[in-house]
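Engineer: Given next are the chains, with one letter for each unit.
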Amino acid sequence: GAGVSQSPRYKVAKRGQDVALRCDPISGHVSLFWYQQALGQGPEFLTYFQNEAQLDKSGLPSDRFFAERPEGSVSTLKIQRTQQEDSAVYLCASSLAGGAGVEQYFGPGTRLTVT
Amino acid sequence: DQQVKQNSPSLSVQEGRISILNCDYTNSMFDYFLWYKKYPAEGPTFLISISSIKDKNEDGRFTVFLNKSAKHLSLHIVPSQPGDSAVYFCAASGRNTGFQKLVFGTGTRLLVSP
Numbered sequence: 341g342a343g344v345s346q347s348p349r350y351k352v353a354k355r356g357q358d359v360a361l362r363c364d365p366i367s368g369h370v371s372l373f374w375y376q377q378a379l380g381q382g383p384e385f386l387t388y389f390q391n392e393a394q395l396d397k398s399g400l401p402s403d404r405f406f407a408e409r410p411e412g413s414v415s416t417l418k419i420q421r422t423q424q425e426d427s428a429v430y431l432c433a434s435s436l437a438g439g440a441g442v443e444q445y446f447g448p449g450t451r452l453t454v455t
Numbered sequence: 681d682q683q684v685k686q687n688s689p690s691l692s693v694q695e696g697r698i699s700i701l702n703c704d705y706t707n708s709m710f711d712y713f714l715w716y717k718k719y720p721a722e723g724p725t726f727l728i729s730i731s732s733i734k735d736k737n738e739d740g741r742f743t744v745f746l747n748k749s750a751k752h753l754s755l756h757i758v759p760s761q762p763g764d765s766a767v768y769f770c771a772a773s774g775r776n777t778g779f780q781k782l783v784f785g786t787g788t789r790l791l792v793s794p
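Chains as they are written, first to last, in my numbering: chain A, 341 to 455; chain B, 681 to 794.
Hints may be right or wrong, so weigh each one.
Listed next, the in silico DSS-like pairs over lysine-lysine satisfying Cα-Cα at most 30 Å (straight line) [what the hints assert, rightly or not]:
1. B:K717 with A:K397
2. B:K685 with A:K397
3. A:K397 with B:K751
4. B:K717 with A:K351
5. A:K418 with B:K751
Simulated from the structure, these hints should not be mistaken for lab results.
Here chain A stands alone, though its shape is the one from the complex (with noise of 0.2 Å):
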């Protein structure tokens, strides 16, 4: 079946700039998460939902980083006014339920430059 697919896989903004980051989870997968992978760096956890509810958004460095998923199903990443430090790559991953130890896939990633 298909997998967690992202949206765009690339994106150059300049700095100041708004951006807006898109998740498809598997179908049927509850939870959804959110991660930021900078060079060189392991995956850094932003947020996560469980359905429509964001029930963990201690990540987020900033007030500039909005998340959101209406509906139970896709996710959007946004990020306001783009700074440099944000150039990463950011990862999205769903799994069938919350709970430690339940295996979470991930996309392919977006890769976020700032110039």
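Fit chain B to the known structure of chain A by using the hints.
Structural biologist: Just chain B, lined up with the frame of chain A:
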């Protein structure tokens, strides 16, 4: 504060030999540990996991060992194949990080040469 550490950025192994990737953690509240493999331009792919109540889990060529007292886990790949060449991430989750949230190490790049 890096709670999950992979101190070896790279590892080179010959085909057929054993690959051992190591991971250390500092948070004793972690309950689950996972290994992910990542190819360039792709997302991480789940490989194998282990619960803190076990000390070993095996799946085909892959075995994960957990030493809770040393806060150390390792991934063994036997025999190694060229297709195993990728970046391997150790990840952990637990009660005080929110069970759902994975905390990743910085990764180890494995190169298996023919």
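Engineer: Each of the hints needs a verdict: does it hold here or not?
Structural biologist: Going down the list of hints, with the structure as the test:
1. The straight-line distance between the Cα atoms of K717 (chain B) and K397 (chain A) is roughly 26 Å, inside the 30 Å bound, and the hint therefore holds.
2. Distance check on the hinted pair: K685 (chain B) and K397 (chain A) sit about 24 Å apart at the alpha-carbon level, within 30 Å; holds.
3. About 28 Å separates the Cα atoms of K397 (chain A) and K751 (chain B), which keeps this hinted pair within 30 Å; it holds.
4. Proposed proximity of K717 (chain B) and K351 (chain A) is supported: the alpha carbons are some 24 Å apart, at most 30 Å.
5. In summary, the hint linking K418 (chain A) to K751 (chain B) is not supported, as the alpha carbons are separated by about 37 Å, beyond the 30 Å threshold.
Comparing the model with each numbered hint stated earlier shows that hint 5 is the single one that does not hold.
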